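Enquirer: Top to bottom, those sequences are chains A and B.
The first sequence begins at 1 in full-length UniProt numbering and counts up by one.
The second sequence begins at 1 in full-length UniProt numbering and counts up by one.
A few of these clues could be false.
Computed Cβ-Cβ distance ranges for the label pairs, DEER-style [said to hold, decoys possible]: (1) B/Ala361 x A/Glu18: 47 to 55 angstroms; (2) A/Gly56 x B/Ala460: 50 to 58 angstroms; (3) B/Ala14 x A/Asp58: 49 to 57 angstroms; (4) A/Glu336 x B/Pro43: 53 to 61 angstroms; (5) B/Pro338 x A/Pro71: 27 to 35 angstroms; (6) A/Gly334 x B/Asp97: 32 to 40 angstroms; (7) B/Ala25 x A/Ala14: 52 to 60 angstroms; (8) A/Asp58 x B/Ala25: 33 to 41 angstroms; (9) A/Ala144 x B/Ala456: 34 to 42 angstroms; (10) A/Ala65 x B/Asp97: 34 to 42 angstroms; (11) B/Ala460 x A/Ser175: 29 to 37 angstroms; (12) A/Ala144 x B/Gln384: 29 to 37 angstroms; (13) A/Ala353 x B/Asp97: 24 to 32 angstroms.
Covered by chain B, according to a simulated footprint, are these stretches of chain A (three or more residues, beta-carbon under 8 angstroms) [what the hints assert, rightly or not]: (14) 40 to 51; (15) 99 to 108; (16) 114 to 121; (17) 129 to 135; (18) 415 to 427.
Bear in mind the hints are in silico, worked out from the structure with no lab data behind them.
If you're wondering where the values come from, they're calculated on a predicted model, not measured in any experiment.
Note that CB positions come from ideal geometry on N, CA and C, so glycine has one too.
There are 2 protein chains.
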Amino acid sequence: MSGAATFEGDPAPAGLTEAFWAYEAALMADDVGALDRLFAPGPETLRGDASGLLVGHDRIAAFRAARGGAPRRTITQVHVRRAADDAALVVAVTRNDAGGVGQQTQLWRRSAAGWQVAAAHVSHTPSGALDPSVWRVAGTPLVAGRPDGPLRGRSVAVKDLFAVAGHAIGAGVPSFLTGRTVEPAHAPAVQALLDAGASVVGIARTDELAYSVAGRNPHYGTPVNPAVPGGLPGGSSNGPATAVALGQADVGLATDTAGSIRVPASYQGLWGLRTTHGAVPRDGLVPLAPRYDTVGWLARDAATLLDVACVGLAGAPQRAGAGRLAVVDLWSAGLEEPVAAAFRDAVAALGPAGFDVDPVAVDVGDLGELYEAFRVTQAFEAWQQHGAWVEAHPGALGTEVAARFAAASRVTADEAAAADRAVTEACDRIEDRAAGRVLLLPSTSSPAPDAAAPSAVVEASRAATLRLTCVAGITGRPAVSAPVLTVDGAPVGLGLVGARDGDLATLALARQVAAALRPARREEATEETTSPRPERMGA
Amino acid sequence: MSGAATFEGDPAPAGLTEAFWAYEAALMADDVGALDRLFAPGPETLRGDASGLLVGHDRIAAFRAARGGAPRRTITQVHVRRAADDAALVVAVTRNDAGGVGQQTQLWRRSAAGWQVAAAHVSHTPSGALDPSVWRVAGTPLVAGRPDGPLRGRSVAVKDLFAVAGHAIGAGVPSFLTGRTVEPAHAPAVQALLDAGASVVGIARTDELAYSVAGRNPHYGTPVNPAVPGGLPGGSSNGPATAVALGQADVGLATDTAGSIRVPASYQGLWGLRTTHGAVPRDGLVPLAPRYDTVGWLARDAATLLDVACVGLAGAPQRAGAGRLAVVDLWSAGLEEPVAAAFRDAVAALGPAGFDVDPVAVDVGDLGELYEAFRVTQAFEAWQQHGAWVEAHPGALGTEVAARFAAASRVTADEAAAADRAVTEACDRIEDRAAGRVLLLPSTSSPAPDAAAPSAVVEASRAATLRLTCVAGITGRPAVSAPVLTVDGAPVGLGLVGARDGDLATLALARQVAAALRPARREEATEETTSPRPERMGA
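The whole structure should be built from the sequences, with the hints applied where relevant.
Expert: Structure below.
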């Protein structure tokens with residue numbers, strides 16, 4: 001279905017229209033090879049859509065190979081703007097067979113290889129009332145809070161583990177949801193925010209039964225990570241985190257057992273607080289491993305997180321003064337060098353910035369052993385909580401979480417008891433060595449892995465990250481993830497593990513630390529924005 | 001905050017970077033004059049975003065003047081792709097202060113006037129969990145239907161006038177919603193769809209108390225019309241209509257008193273059915289004017305609408321055979337010529353297509369007089385329904401609907417009685433002259449008016465359209481709006497007003513009519529898409 005483009009005044013660049021329609025035909029046929037050939041080769045080719053801008057032909061080709069075809073559509077308008085004999089912009093308006101309209105803007109350039117797309121920008125009206133990977137239900141608002149209060153005007157995304165009156169809890173598993181009844185009342189953690197004037201926008205997604213930190217749910221999809229095009233959002237609080245990152249909510253009400261708040265905060269450049277174990281009531285919450293389960297929040301800025309924490313921790317004793325900063329000795333963390341370097345640079349900047357940093361790193365022990373003891377005790381409790389349900393619902397869970405529960409089912413009482421002793425000893429040792437200290441470490445072992453990464457890669461990053469996050473889990477300490485580090489242009493959180501009941505003091509300290517480290521980063525950012533980085537022209 | 005763009009290999013087009021940053025500064029300052037100067041003059045300049053593609057500098061300037069500024073943002077990446085010494089593409093990635101990311105793609109060209117944008121494409125991640133102009137609450141789904149049935153897999157947007165169990169009815173007015181209690185059960189019209197296997201996606205917006213056909217709600221905003229960039233969506237069923245047009249729902253469950261289904265169907269190129277008055281139960285529905293209130297549906301295609309109508313009308317007697325087609329004599333309609341011409345052409349094509357069209361047009365009387373009698377009786381009943389509430393809630397309604405109720409409050413019982421007699425006489429006269437006929441007329445007097453049009457313009461188009469829609473209202477006949485006509489590239493519905501209890505037969509006939517008239521239109525469309533229309537190069 002090709003035709004001839006004719007311009008008044010100028011002749012059409014020969015062959016452009018044919019190339020344009022060849023591309024459209026290949027797109028509708030999902031002829032990946034043809035599409036790849038019609039995109040200019042090399043690292044400068046651009047393709048952007050709602051999930052972000054992909055730079056480089058190979059990155060674009062990988063996206064296309066994983067996508068599995070574009071929605072059926074009709075092109076209703078084509079506008080050509082000529083720039084030169086060998087370059088033109090083609091703007092097309094599209095109408096999807098399933099409803100909605102879109103726009104496709106392409107810069108075509110002619111080389112020895114013929115006409116190819118050097119840059120493409122695709123957008124479309126939302127195909128759903130809401131993004132099912134982020135939200136299960138939402139409203140304007142779904143639940144209105146008190147008309148007044150310290151959180152007046154703030155909107156909350158509630159992780160689908162908390163009771164919201166009038167709705168059942170889904171916990172990220174369709175067959176779990178269908179087996180639940182509607183909750184008669186809000187969980188206390190929800191009610192506290194409503195009473196303080198916040199409103200609930202909706203119920204946001206979680207990894208299955210919160211037993212993952214990747215953020216990809218096999219039933220509802222993988223939320224976008226606005227900070228890392230193509231990157232995992234992090235979990236298990238993936239819905240609340242992405243909702244906050246997108247500005248669809250100001251606050252994410254979530255849980256953190258092994259890192260479910262700190263990991264998505266780190267991957268998406270958000271602020272996250274895991275509270276002191278037991279400090280916030282967990283009634284009306286589907287548990288994973290009560291020994292480690294905590295309630296906490298995500299926000300785009302520290303001020304909001306502090307406001308919310310003051311409300312959520314109103315009933316908990318809080319100590320004044322966070323204590324002295326000290327680095328966790330990461331000899332056994334097996335960190336990738338870029339993350340280690342970014343962490344070292346940040347720490348090195350604290351002294352000159354006037355912070356009292358203990359020159360002696362705190363050796364919390366072999367992080368591999370800590371994680372193993374944590375993992376076994378968590379698995380044992382997770383099976384106690386959900387084993388019966390999992391066994392009664394074969395096929396209800398995706399491969400990765402199902403495998404995790406299968407492993408959990410094999411943990412013996414003796415193994416659990418041994419691991420339990422190891423956790424207690426580790427806790428005592430760490431508290432002994434870290435008394436009066438706020439421990440510094442990276443929130444995650446890496447930036448967000450690619451969402452298309454194979455399970456083995458995601459599993460490896462999970463294991464490496466849990467070596468870091470388990471320090472707070474084992475000690476029951478509060479932990480903040482502050483969006484301070486940058487690795488390869490992607491955010492990584494700086495973790496501050498404070499003293500028990502030092503939640504607010506630790507968060508306040510984290511805010512000061514971020515403020516002290518930010519200027520440097522802001523200058524870089526400004527530099528980046530004011531001076532487009534050098535670009536090589538495509539062939 | 002301007003800087004120098006440097007390319008490897010090629011020199012930067014001189015002044016481009018400065019122009020780019022000048023544009024960004026003007027955007028953040030909402031300096032409309034500077035923005036207009038930085039966009040190329042003339043009818044070929046392009047600007048596209050989620051609400052559609054605007055063509056021509058003046059159209060873009062008008063949009064900008066009405067917008068009131070862009071969201072605060074930071075540019076995080078800039079990529080330049082050079083096309084010639086005087087032309088380059090600049091792709092910027094943006095991060096909104098309020099969360100979310102976006103992309104801006106601009107083709108800059110240099111003329112005697114300096115560097116100017118010849119084409120721009122802007123997109124952004126959704127700033128809300130859902131579009132508040134379309135939805136009040138939504139889920140995945142909000143209410144699940146039976147696992148099986150003729151509507152299995154179909155999703156429904158319910159107009160916010162129907163009872164949905166667990167939610168209050170809002171009727172498009174915030175203070176009305178706050179005064180309502182949660183509905184204990186679904187309205188029968190909702191339950192029927194659930195029982196047939198459809199699911200409810202959510203509760204969609206309506207004009208205030210359904211007393212408008214414009215589709216702009218002063219409290220919740222104006223939904224987009226995907227078929228007409230910048231055009232009104234039509235109302236009062238604006239939410240369900242736009243939800244269906246966007247593919248966010250397959251079916252809109254709505255009401256039609258004076259045209260609230262047919263008008264948005266006509267403006268957005270959808271299929272709409274207003275059922276025989278009284279054929280579908282109206283329990284659990286907030287009324288406007290019971291004498292004219294009807295339940296009906298919107299869909300993207302006739303097959304879906306027919307499936308839904310069969311379910312929704314299951315309890316109603318239906319006659320076989322629609323009857324003979326006949327044109328309504330529009331001597332008193334005061335139609336704009338382009339609409340009259342499109343209607344004439346469609347009618348002229350019916351005979352050759354094998355349809356039995358009565359050569360004699362049906363004179364239903366002076367449409368101005370019909371509308372006046374309809375208007376007065378509707379107003380009298382609307383005040384009886386809502387007058388007490390409106391008086392008790394000063395300031396609760398927007399200017400236009402408030403004025404409509406104020407006028408309604410002044411209708412005396414004598415005026416109402418006289419209008420009532422006129423309606424009855426008109427009904428008898430029309431039924432006498434149209435016996436056994438399916439009446440053909442345009443669904444609306446024009447395509448969708450511009451959403452930025454002043455109230456007087458919108459009010460005039462309303463009055464002209466209601467002269468057409470009131471024929472079904474006065475007779476209680478079913479009416480179909482079929483997306484058959486095109487005026488200036490925008491859709492206009494072909495209206496078929498069938499015999500009472502001939503809903504399904506009339507819809508089936510409308511489907512045949514559309515199928516007979518469509519091929520011609522499809523060829524045009526294909527022609528349009530395969531051969532980009534001639535473009536003049538910008539200066």
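Enquirer: Now, for every hint given, state plainly whether the structure supports it.
Expert: Going down the list of hints, with the structure as the test:
Between B/Ala361 and A/Glu18 the beta carbons are some 49 angstroms apart, a value that agrees with the proposed interval 47 to 55 angstroms. Our hint of 50 to 58 angstroms for A/Gly56 and B/Ala460 holds, since their Cβ atoms are close to 55 angstroms apart. Checked against the hint of 49 to 57 angstroms, the pair B/Ala14 and A/Asp58 fails, with Cβ atoms roughly 33 angstroms apart. Between A/Glu336 and B/Pro43 the C-beta distance comes to about 55 angstroms, which sits within the given range of 53 to 61 angstroms.
Here the CB-CB span from B/Pro338 to A/Pro71 is close to 33 angstroms, well matched to the stated 27 to 35 angstroms. The given range of 32 to 40 angstroms is respected by A/Gly334 and B/Asp97, whose C-beta atoms sit roughly 38 angstroms from each other. About 40 angstroms separates the C-beta atoms of B/Ala25 and A/Ala14, a value inconsistent with the hinted range of 52 to 60 angstroms. Distance hint for A/Asp58 and B/Ala25: a CB-CB separation of about 36 angstroms, consistent with the stated range 33 to 41 angstroms.
For the hinted restraint 34 to 42 angstroms between A/Ala144 and B/Ala456, the CB-CB distance of approximately 36 angstroms keeps it satisfied. Between A/Ala65 and B/Asp97 the beta carbons are some 35 angstroms apart, a value that agrees with the proposed interval 34 to 42 angstroms. Between B/Ala460 and A/Ser175 the CB atoms are about 56 angstroms apart, so this pair departs from the stated range of 29 to 37 angstroms. Separated by about 31 angstroms at the C-beta atoms, A/Ala144 and B/Gln384 satisfy the suggested range of 29 to 37 angstroms.
Judged by the Cβ atoms, the range 24 to 32 angstroms given for A/Ala353 and B/Asp97 holds: they are separated by roughly 25 angstroms. Check result for the segment 40 to 51 of chain A against chain B: holds, 5 residues qualifying (beta carbon to beta carbon below 8 angstroms, three or more required). Figure legend: the segment 99 to 108 of chain A, annotated as covered by chain B; annotation consistent (6 residues with Cβ-Cβ distances under 8 angstroms, at least 3 required). Remark: the segment 114 to 121 of chain A is confirmed as covered by chain B, as 3 of its residues place a Cβ nearer than 8 angstroms to a Cβ of that chain, reaching the required three.
Closer than 8 angstroms: that is the beta-carbon criterion, and the segment 129 to 135 of chain A has 6 residues meeting it against chain B, so the requirement of 3 holds. Check result for the segment 415 to 427 of chain A against chain B: violated, 0 residues qualifying (beta carbon to beta carbon below 8 angstroms, three or more required).
Consistency note: the structure conflicts with the earlier hints numbered 3, 7, 11, 18.
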